[in-house]
Amino acid sequence: MALNHKRINQLLQRLRSHPYRIYPVETPHTGYLRKILVTEEQEVSAGEGLLVLERERNLKTLRARVGGRVRHLRKDLLGRFLEAGEKVLEIWHPLSQEEAVAEVLRETLVVVRAPETARYLLAPEVETRLLKEKRPLVRPGEELLIMTFMKRETPLRHEGPPMVIFKLFFSPHQVVPAGEPLLGLCLPEEVPYLERVMARIQEEWPES
Amino acid sequence: MKHRVLIANRGEIALRIMDACEDLGLEYVAVYTRADEESLHVQRARQKYRISDYRDPNEILAVADEAGCTAIHPGYGFLAEDFRFARRVVKRSSPLIFIGPRWEVIRDLGSKLHVKRLARELEIPVVPGTSEPLYNEIEAEARAEALFAWLSENGEEDPRLLIKAAAGGGGMGIEEVRELDEVRPVFRRVRAYAKRLFGDEGVVIEARLRRFQHLEVQLLGTPKGELVHFGTRNCTIQSPGRQKRIELAPGFDPRFKNYTFDAQALEEEIISHSLKLAEAVEYDSVGTWEWLVTPEGKAYLLEVNTRIQVENEVTARIARIRGKEVNLLREQIRVALGEGLGYVQKDITFEGTALELRLVAEDTERGFRPLSGVIERFTFSEAPWLTVRTHVPRDRSYHIPTEYDPNLALAIIWGRDTQEVLARAREFLGSVVIQGRTARGDPLVTNVPYLQEKLAEVYEFRS
Numbered sequence: 000m001a002l003n004h005k006r007i008n009q010l011l012q013r014l015r016s017h018p019y020r021i022y023p024v025e026t027p028h029t030g031y032l033r034k035i036l037v038t039e040e041q042e043v044s045a046g047e048g049l050l051v052l053e054r055e056r057n058l059k060t061l062r063a064r065v066g067g068r069v070r071h072l073r074k075d076l077l078g079r080f081l082e083a084g085e086k087v088l089e090i091w092h093p094l095s096q097e098e099a100v101a102e103v104l105r106e107t108l109v110v111v112r113a114p115e116t117a118r119y120l121l122a123p124e125v126e127t128r129l130l131k132e133k134r135p136l137v138r139p140g141e142e143l144l145i146m147t148f149m150k151r152e153t154p155l156r157h158e159g160p161p162m163v164i165f166k167l168f169f170s171p172h173q174v175v176p177a178g179e180p181l182l183g184l185c186l187p188e189e190v191p192y193l194e195r196v197m198a199r200i201q202e203e204w205p206e207s
Numbered sequence: 000m001k002h003r004v005l006i007a008n009r010g011e012i013a014l015r016i017m018d019a020c021e022d023l024g025l026e027y028v029a030v031y032t033r034a035d036e037e038s039l040h041v042q043r044a045r046q047k048y049r050i051s052d053y054r055d056p057n058e059i060l061a062v063a064d065e066a067g068c069t070a071i072h073p074g075y076g077f078l079a080e081d082f083r084f085a086r087r088v089v090k091r092s093s094p095l096i097f098i099g100p101r102w103e104v105i106r107d108l109g110s111k112l113h114v115k116r117l118a119r120e121l122e123i124p125v126v127p128g129t130s131e132p133l134y135n136e137i138e139a140e141a142r143a144e145a146l147f148a149w150l151s152e153n154g155e156e157d158p159r160l161l162i163k164a165a166a167g168g169g170g171m172g173i174e175e176v177r178e179l180d181e182v183r184p185v186f187r188r189v190r191a192y193a194k195r196l197f198g199d200e201g202v203v204i205e206a207r208l209r210r211f212q213h214l215e216v217q218l219l220g221t222p223k224g225e226l227v228h229f230g231t232r233n234c235t236i237q238s239p240g241r242q243k244r245i246e247l248a249p250g251f252d253p254r255f256k257n258y259t260f261d262a263q264a265l266e267e268e269i270i271s272h273s274l275k276l277a278e279a280v281e282y283d284s285v286g287t288w289e290w291l292v293t294p295e296g297k298a299y300l301l302e303v304n305t306r307i308q309v310e311n312e313v314t315a316r317i318a319r320i321r322g323k324e325v326n327l328l329r330e331q332i333r334v335a336l337g338e339g340l341g342y343v344q345k346d347i348t349f350e351g352t353a354l355e356l357r358l359v360a361e362d363t364e365r366g367f368r369p370l371s372g373v374i375e376r377f378t379f380s381e382a383p384w385l386t387v388r389t390h391v392p393r394d395r396s397y398h399i400p401t402e403y404d405p406n407l408a409l410a411i412i413w414g415r416d417t418q419e420v421l422a423r424a425r426e427f428l429g430s431v432v433i434q435g436r437t438a439r440g441d442p443l444v445t446n447v448p449y450l451q452e453k454l455a456e457v458y459e460f461r462s
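Just so you know, the protein sequences line up as chains A and B, in that order. One point on numbering: in numbering that gives the first Met the number 0, the residue at position 146 of the first sequence is 145, and numbering is uninterrupted. One point on numbering: in numbering that gives the first Met the number 0, the residue at position 54 of the second sequence is 53, and numbering is uninterrupted.
Calculated from the structure, these hints are not laboratory results. Wrong hints could be hidden among the right ones.
Within a straight-line C-alpha distance of at most 27 Å, the following computed DSS-like cross-link-like pairs (lysine-lysine) qualify [stated by the list, open to error]:
id, chain 1, residue 1, chain 2, residue 2
1, B, LYS297, B, LYS256
2, B, LYS256, B, LYS194
3, A, LYS34, A, LYS86
4, A, LYS34, B, LYS275
5, A, LYS74, B, LYS194
6, A, LYS150, B, LYS194
7, B, LYS90, A, LYS59
8, B, LYS297, B, LYS453
9, A, LYS74, A, LYS34
10, B, LYS345, B, LYS275
11, A, LYS59, A, LYS34
12, B, LYS47, A, LYS59
13, B, LYS297, A, LYS150
14, B, LYS1, B, LYS243
15, B, LYS256, B, LYS243
16, A, LYS74, A, LYS59
17, B, LYS90, B, LYS47
18, B, LYS47, B, LYS1
19, B, LYS345, B, LYS323
20, A, LYS86, A, LYS59
21, A, LYS86, B, LYS47
22, B, LYS243, B, LYS297
23, A, LYS150, B, LYS453
Computed far set for chain A versus chain B, every beta-carbon distance over 10 Å [as the list claims (entries may be wrong)]:
id, residue
24, ARG13
25, PHE80
26, PRO135
27, ILE145
28, MET149
29, LYS150
Every residue gets a Cβ at the ideal spot worked out from N, C-alpha and C, and that includes glycine.
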């Protein structure tokens, strides 16, 4: 196993020095920014209203996907017609124990990344086995994922030795940007070691 | 009133609409998505808005209002054949002009089954098959059995059927069956696909014509009741996924190919049938009537496309109105804004042969797999007989977005006859350089070698 406790320490140290994930809040579509419901540095919870956008006479409240602190709020945009994808604020979200584990696993496991910006689904067989078994074994050439783009579905197969699916990094049916992790794999004999690593992080990372 | 047109589309068609607007002295506004930021249609537009999705009517209408537009051009694809969108554009509290047919016409001709029923009423031949959407696999199997029997009785040695999504289009959601036993599983698959993609589970079954040519009739009508045609084009060369790759105008060329039937008479017949149906629905914009023609000279109406098509320019390239060149987009916009044609059928003449090549980033050796990646170099030799329509910049690299089809360019080539147009097409393809790399870092391949090979098959019947 390439990973050792020294490397884990380095990763944890890095996470502790910046224990946040920054979520930009962008307009999902065009419209007038009618209201800003938060202030700079305000703590918000997941689901809390942030902004009100009006398009075609319909008002839509944009809500926080995650809890955290509001930063870099663009008050100057209030009342203006905004294009899609305009960044209005950031939420600095403190990493939970589970998220810290995911961050470490992302750099520890053999990661299957999205080859294209596309919609991804689990292969039906893998999906069924993930429901039945906690960490199914996949063999070389086995269909792992289905990538959907340009009106075509392309299977992504497992390359390399038999491995275990240890972690799912995406939500099926959603568009994943190229290069983002989809699955985290490891050798079957590495599972106990990784479980110890997870236990260690859970022990050392404060509960949120 | 000075009109301002919202161009609700992307890529090469957005650029062609810009040309037509400039030609008519009209202002225009473009929209684009984040994935298209490098496209030439975004670079060229002076006024533009980033939207989330070209398919979202709310985005298009919000931008149209904000930018003070008076008309919307939908281009092709996306919202072009969505009658609900067309209806909303003209029925809202601040109505706009929809550059396309009336919404009722889009609704009625958008349904393949309705077109079939209408065609039968008008004694226009259609491909034998179901005329109602099927939802039940037992009924589907019974209909399929009857169609297999009909094909066998009509001398077909290897009868096959097509099972299609009733609401499909663009070659999507179509599967072929050869045995009755295959019908039920394929029906279930197509039905699930139809539900997923089109939101309607309806499925149709048709006899599969083994050998045919795919012809199109280009029509133009106006709200004032005028109606003309711009002849035919031949779109037989298609990828295995039924995506058109080479188109020619005119649809038949008896000087180039020997037909077992009177090609001129058949062309006149399918034009006449197309005009008959267009008159019956009071067709009032540009539109395409698609036909399948067998080697024996039987023609069957396939469907109607109530929009401008990708390949409209191949028709325009050989057409003349009182000796002058034609721009069908310009004509479409003019009539939508209330102008009359200003000419009649006898003013329209045809000159030479035109051919269109669709350059696509696809791996023709591996199931025509669409490719994304970066184009680092795109060059070709200019010529007076050549028009290239592309949204891909030639002075810098370009990322092919994965959100859309990997179409790179359309090359429209004119020649005095088919031999000359083929020679020029070979010359053009020989000069094309498209270099780049895929997202995986492999050299980017395109369909240029496939197009070179397929030039030998123009005007042939496809099997």
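Output the numbers, in ascending order, of every earlier hint that fails for this structure.
Checked against the structure, the hints that fail are numbers 2, 4, 5, 13, 14, 25, 28 and 29, while the rest are satisfied.
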